[in-house]
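Participant: Residues per chain are reported as follows:
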Amino acid sequence: MRHIELQQVIVSFPQPGGGELRAVDGFELKVEKGEFVTIVGPSGCGKSTLLSIVDGLVQPSSGQVLINGALVKGPSPDRALVFQEFALLPWRTVVDNVMLGLELQRKYTKPQMKDKVSHYIQMVSLEGFEKHYPHQLSGGMRQRVGIARALAVNPEILLMDEPFAALDAQTREIMSVELQRIWEQAKKTVLFVTHSIDEAVYLADRIVVMSGRPGRVKEIIPVNLPRPRSLSIKDEPGFVRLRRHIWDLLEQEVQRQVGGKETKS
Amino acid sequence: MKEKTWQRTWIGGTAVIAFLVLWEIAMPLGLVKVADISRPSLVVKSFFELAAAGEIFPHLVISLKEFIAGFFLSLIVGIPLGVVLGRYRFSGLLLDPLLMALYTMPRMAMMPLLVVWFGVGMGATISVVFLGAVFPIFINTSVGIREIDPIWVRAVRSFGGTEWDIFKKVFLPGAVPPMMSGIRLGVGRGILGMVVSEMYASTAGIGGQIANYGNSFRTTELITLIAIVSLLGFFMVDLMRRVEERVRRGRMEGWQ
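Taken in sequence, the protein lines are chains A and B.
Quick note on numbering: this note's numbering labels position 190 of the first sequence as 190, and the sequence is numbered without any gaps.
This note's numbering runs 1000 ahead of the 1-based position in the second sequence.
To be clear, the hints were calculated from the coordinates, so they are not data collected in a lab.
Take the hints with a grain of salt, since some may be wrong.
Straight-line Cα separation of at most 27 Å, DSS-like style, residue types lysine-lysine; simulated pairs [unchecked claim]:
(1) A/K107 - B/K1168
(2) A/K187 - A/K73
(3) B/K1168 - A/K116
(4) B/K1168 - A/K73
(5) A/K107 - A/K33
(6) A/K131 - B/K1004
(7) A/K30 - A/K187
(8) A/K114 - B/K1168
(9) B/K1168 - A/K131
(10) A/K131 - A/K114
(11) A/K187 - A/K234
(12) A/K73 - A/K107
(13) B/K1168 - A/K110
(14) A/K110 - A/K131
(15) A/K33 - A/K116
(16) A/K73 - A/K33
Full structure from sequences and hints, please.
Facilitator: Structure representation (structure tokens):
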């Protein structure tokens, strides 16, 4: 079943000296329900902007986004964002941070919210840290809070904006494994933006490789590696081949941007 | 934390005691005349005499009433004003120059007018306390609001939060630490304003008493009253500092 559909999405930003900067150009993507789609591309190709558009925080300059066939007009509880900078409120404990989205929905009583919160805190393995404040947690734990906060509103779609970019390499790998487990448990459609090719291949059902600015779809690559995947899958030939292929695509883009002229892809 | 507080009391206390001892023995040593600086022992004695004669507490009550009224007003005006100025760029552009001009205006020079507007007595003093306290409160509040990380706003917005939600869940709690500093500064300036205004425009209140005894050069009584005001200010500011620390503790460390 089709879940997310981006049709001819164009995003332009006005420039300080007049004129405008086209960040995303004619972006087309269809995502099925329950699918895990990762998006990679050179810096400045508008990957994060795309997530803001799907979330409804930013309106496209032209084109449209459909969720379950309905036009996106603004943020809604059926989509939740996970931020690269975690975006936790520093004066709130873990419990209160996870509760934020639920409070804003005004649908549940306090005991109901507490139940949900403790369920998701358990899901991201943060039991015992309920009363901690963000500054008392490691980066990885903070992002677990961010993920629990997003999951707590029970969204159909999880939008993840380079969620592990601020973490060290090992924590990053561990978090990918964790995210895969959580995804299989929670059954969400995921759009995941990343700079890491490994992360993109490891997590994805399909990978969207974007061109340099203005961002277009360069290629969509299905990943047919069996699940659940362990980290050792990164040494297997299928994985290595995909990594190589994506690297080549991105290199072309970087070369094109540096050289300033288009090469055939 | 505990040890630090203890250290502060101990080391600071030593200096206070040394000062008092020096002051007490300055006269017997022939360094000064008693009429110039009095002595701590005389001050303590005069405190009890004045208190028994009803020269202190009824006045203290009047002063505190004025202070609380003026300070409360400065809170209910200063905090919302600071929020608006911090939140909406236009209001800042519009009002900043005007408010800064008012801020740097010498309040005491305004006293004659304040007396005309609000009358001799409590009215004038309340207005001076208000004018003293409201500026640090609104300035610090608006700084707190301006320093809010926009990513927190995005987070609330992404969950479908309204402008009111953003205000309630991000701007208010996020601006608390600088706002508390502003309130603490406001207490100090408010007490100062209270005393000076009473000296000028009132015969009642602690400031009025200070003026009475000062004009007749009754040094000991004057110093007694000044000491009462200092202690009052010290405890009020210390109280605010404690509240501030409590608010910051745990949740704020490593953040601001």
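Participant: Check the structure against each numbered hint from earlier and tell me which ones fail, lowest number first.
Facilitator: No hint contradicted; all consistent.
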